[in-house]
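Engineer: Protein chains in written order, with the working numbering: chain A, 1 to 416; chain B, 1001 to 1407.
Everything labelled a hint here was simulated from the structure, so no lab data went into it. It is possible that part of the hints are untrue.
Below, a list of computed lysine to aspartate or glutamate pairs in the DMTMM-like style, where the Cα atoms sit at most 25 Å apart [stated by the list, open to error]: (1) LYS1068(B) - ASP1028(B); (2) LYS129(A) - ASP1200(B); (3) LYS1068(B) - ASP1200(B); (4) LYS129(A) - GLU1088(B); (5) LYS129(A) - GLU1101(B); (6) LYS129(A) - ASP237(A); (7) LYS1068(B) - ASP1058(B); (8) LYS129(A) - ASP1093(B); (9) LYS129(A) - ASP1125(B); (10) LYS1068(B) - GLU1034(B); (11) LYS1068(B) - ASP1095(B); (12) LYS129(A) - ASP1095(B); (13) LYS129(A) - ASP1384(B); (14) LYS1068(B) - GLU1044(B).
Some chain A residues flagged as far from chain B (calculated, every beta-carbon gap over 10 Å) [what the hints assert, rightly or not]: (15) ALA5; (16) ALA22; (17) HIS46; (18) SER107; (19) GLY127; (20) LEU150; (21) GLY200; (22) ALA209; (23) GLU236; (24) ALA241; (25) SER255; (26) ASP289; (27) VAL322; (28) GLY361; (29) GLY382.
Just so you know, even glycine gets a beta-carbon here, dropped at the ideal spot from N, CA and C.
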Amino acid sequence: MDGPAVWITGTGAVSPFGHGVASLWSGLLSGEPAIGSVGCFDATRHTTRIAGEVELTEPRRREGRTDSHARAAAREAAGAPGAIGTPGAPGVLGASLANTGVFWGTSTGGMLEGERFWWDEQGPRRGRKAVAPLAAQPPGAPAASVARELGCGGPVTTFASACAASTMALEAALCALRRGEVAIAIAGGSDGLCELTYGGFNALRAVDAQPARPFRADRAGLSIGEGAGALLLETEDHARAHGRAALAVLAGAWSTCDAHHMTAPRPDGGGAAAAVRGALRDAGASPADVAFVSAHGTGTTHNDPAEWQALATVLGERARNVPVMANKGAVGHLLGACGALEAVVVVQALVERRLPPTPGGGPVDPETPVDLVLGDVRELPGGSRERARLGLSLNLAFGGANAAIVVAPAAREIGR
Amino acid sequence: MSVVVTGIGVVSSRGAGYDALRTAAEGDGLPLTEVDRSAGHHREPGPTSSRHAALVPDDATSSLPPMKARRMSRPTRFAVVASRLALEGAGLDPDALSGSELSAGTGVSLGTAFGATMVSRQILDQCIELGPGGISPFLFPESVPSAHAGQVALALGARGPNAAISQGEASLELALAVAAEYLVTGRAERMLVGAANEADTVLHALLDRAGALAGAGEDGAGRARPLDRRRNGMLLTEGATVALLEREDVATGRGARTLARLTGWVRAFDPSAPPGDWGTGAAPLARRLRGELERLGTPLGAIGGVVSGASGSRRGDALEAQILNATFGADLPPVCTPKGSCGEYSGFSLAATLHLLAGGRLAGGDFEPDPALGVVPASSLGADAPSVLASALASGGPAAWLVWERP
């Protein structure tokens, strides 16, 4: 935790509730899921037929669905419409653009464009189709799209580490800011719906035919979603110098690997617990400082118990009493973007001092006895004497990757 | 805190092993294979289209138990074999890592430009032939771009941070930067770091249709000619390069041999670059490079050589030359271009960098200077300079530079 404090001074979101953090937040507070029918491909051929889909508003030539989500979220985080520097009229990022980095997470990248190309390539125009649309397909494309959009000249690095990708991107941004490599970072992630991923998760029998019900006794799998989350991160000094206030503080981050199984987490949650412990240590905080948890909470048979074990290992007796939100029940699993979108929700929860409920009915699984926020919006205890003030967000991924971040409220920085 | 390379593993078209790659770099380059064009995805053959790629022979990964290899894509197999070789080269037993006290401190950071393209295509073909219900649950996990990093961790018991980094032609260098960051911040004690790629016939066809690959020429040789007046594309390779990067105190503590020291990294982006192409932002890129080197405490005068990422791309190499000239001016040190013999995407430039740092040479050959670039490749690095700069520019805008020192 050497280095300056890192402030979160902007957030952006594209979610199945619509474009913008306000749409996301009001949708989450409603307690209703934004998971429904799929329009971007024919889902009737698949075993399940629902997803958290985003209405695409600004497709561009040679850019893909995931790029579009990424650009929109990043622009909002950076303070659009003024964010984009133009000659003689620099936006929020202004003169810092040359020293602004983009740290991004994705899993599918432009797979939707790739599969459309491939299926069309099988037709009579085989060998003759223009390949330019494939520029959107590599996993690195959304990050480059964001950097191009905002005119960033600093580092651009994409984590393609499946469902932990954007949380790892936040960790990388935090490190780069603390070390002085950048003054500002746009950190986040984006993913778009595609048939390969939709069909792949169905092949694993990991998708619920209904909207996902994380931590419920009768949960039957995840819901696929799409969208993007983005955070504008700055060193405290930089933000102060430019008159920007903190929404919250990115206090710590850590990542680990289970090295256990390609698609299933360690049942004892050991790898995830190590990530949480590391993030708390990185923040100079202790488990007693955790006020609430944004769980990975996919709603699959294996994830939720492993995550409960991780929380129980780190939080001890408090694990049953620390409020947990599981937003994948509302927006679906945004894969490489989920950590970033959930980080945006954590920031919003700290700003608004309340936690949105997790949609869906049914009792919490007694094997995973988390204090799941259900039904009504939960107020966060306030007051400067309240020790537990931190938001903890955790993500687990294919390949065993785990990543956690700790977010502190803006008023006081924990451990510094 | 500095970090050092203590082991290196390579899987290339010359087989498994670092020495095989060194031989290729010093000699006639990597063995090439004529790519099967029968599926009809290639453009019409001719002097400007590519015929070859550096494909890995099947026996290069035969050391993997078949029961494990069958669940791995080609790039995953390459990465696992290269990782085992890196650990062995560093004096560590790859079969003893799992469950040992080293396990939690060992992470993985692997680059990939495209991910597992063949597996993804197989799944899409299953979708056509059988419908989505025909997708294999065994193939799907290998289609995610992080599969190789996860499989390396699983095969070796590496429970530290596990990153898959994807940023085109700069994926290797950015994976190295991420790994070094994990080490200097105490997130890991050692990292298996590198890149892997597969070069299946469709990827070859699509890159060739995009005009990215070196044309076969009149003699059919299809050489990549970095910084040469006649350059017309890169050499597509498959394989993997993985190094064991350790915190220097950890490596010293166990008496490990040091191959190279990584003292810093610089990352940047050229927003003028369109998707899939190179931009025109040499001046701001050079400014950032100079500024960051100064911040890192590495004066330009200390850099005695450049291992250039120039690959033979017309526009990419031009941008590279402009950046080097804008950064160093008249004091440009010797510039080596290993991608002429070692090609693109499989991380071989890292192996070549270590080879050059150890005093090795690259094969010469006929070179015609491009007056517009003003950079003539050298066959070896300067002997006396303490630091060497390794560069990578990616189409679409990303850039990365690594500062290496001889041990």
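Engineer: Does each hint hold? Answer for all of them.
Structural biologist: Hints versus structure:
For a cut-off of 25 Å, the pair hint linking LYS1068(B) to ASP1028(B) is broken: about 34 Å separates their Cα positions. Proximity of LYS129(A) to ASP1200(B) is assessed by CA-CA distance (about 19 Å); at most 25 Å being required, the pair is judged to hold. Using a Cα cut-off of 25 Å, the hinted pair LYS1068(B) and ASP1200(B) holds, with the two alpha carbons roughly 21 Å apart. Among the hinted pairs, LYS129(A) with GLU1088(B) is inconsistent with the structure: their alpha-carbon atoms are about 46 Å apart, more than 25 Å.
Distance check on the hinted pair: LYS129(A) and GLU1101(B) sit about 53 Å apart at the alpha-carbon level, beyond 25 Å; violated. A C-alpha spacing of about 51 Å is found between LYS129(A) and ASP237(A), which places the hinted pair above 25 Å, so the restraint is violated. A hinted pair counts as satisfied when its Cα atoms are at most 25 Å apart, and LYS1068(B) with ASP1058(B) qualifies at roughly 15 Å. Between the alpha carbons of LYS129(A) and ASP1093(B) the distance comes to roughly 49 Å, so the proposed pair goes past 25 Å and is violated.
As the CA atoms of LYS129(A) and ASP1125(B) are separated by approximately 18 Å, the hinted pair is consistent with the 25 Å bound. In summary, the hint linking LYS1068(B) to GLU1034(B) is not supported, as the alpha carbons are separated by about 29 Å, beyond the 25 Å threshold. As the CA atoms of LYS1068(B) and ASP1095(B) are separated by approximately 14 Å, the hinted pair is consistent with the 25 Å bound. As the CA atoms of LYS129(A) and ASP1095(B) are separated by approximately 47 Å, the hinted pair breaks the 25 Å bound.
Among the hinted pairs, LYS129(A) with ASP1384(B) is inconsistent with the structure: their alpha-carbon atoms are about 52 Å apart, more than 25 Å. Distance check on the hinted pair: LYS1068(B) and GLU1044(B) sit about 39 Å apart at the alpha-carbon level, beyond 25 Å; violated. No Cβ of chain B approaches the Cβ of ALA5(A) within 10 Å, the least distance being about 16 Å, so the stated non-interface status holds. The Cβ of ALA22(A) lies farther than 10 Å from every Cβ of chain B, with a closest approach of about 28 Å, so its non-interface assignment holds.
In this structure HIS46(A) is not separated from chain B by more than 10 Å, as the shortest Cβ-Cβ distance comes to only about 5 Å. Not every beta carbon of chain B lies more than 10 Å from that of SER107(A), the smallest distance being close to 6 Å; the non-interface claim is violated. Not every C-beta of chain B lies more than 10 Å from that of GLY127(A), the closest at about 5 Å, which undercuts listing it as non-interface. Distance to chain B contradicts LEU150(A) as a non-interface residue, since its nearest Cβ pair spans about 8 Å, not more than 10 Å.
For GLY200(A), the condition that its CB be more than 10 Å from all CB atoms of chain B is violated, with the nearest at approximately 3 Å. With a minimum CB-CB distance of about 14 Å to chain B, ALA209(A) clears the 10 Å threshold, and the non-interface call stands. The beta carbon of GLU236(A) sits about 19 Å from the closest Cβ of chain B, which is more than 10 Å, so the claim that it is off the interface holds. Interface exclusion of ALA241(A) from chain B stands, the closest Cβ pair being 18 Å apart, more than 10 Å.
Annotated as non-interface, SER255(A) brings its C-beta within 10 Å of a C-beta of chain B; the closest such distance is 4 Å. No Cβ of chain B approaches the Cβ of ASP289(A) within 10 Å, the least distance being about 21 Å, so the stated non-interface status holds. The Cβ of VAL322(A) sits about 25 Å from the closest Cβ of chain B, beyond the 10 Å cut-off, so the non-interface label holds. No beta-carbon of chain B comes within 10 Å of the beta-carbon of GLY361(A); the shortest separation is about 29 Å.
Against chain B, the non-interface label of GLY382(A) holds: every CB pair exceeds 10 Å, the least being about 33 Å.
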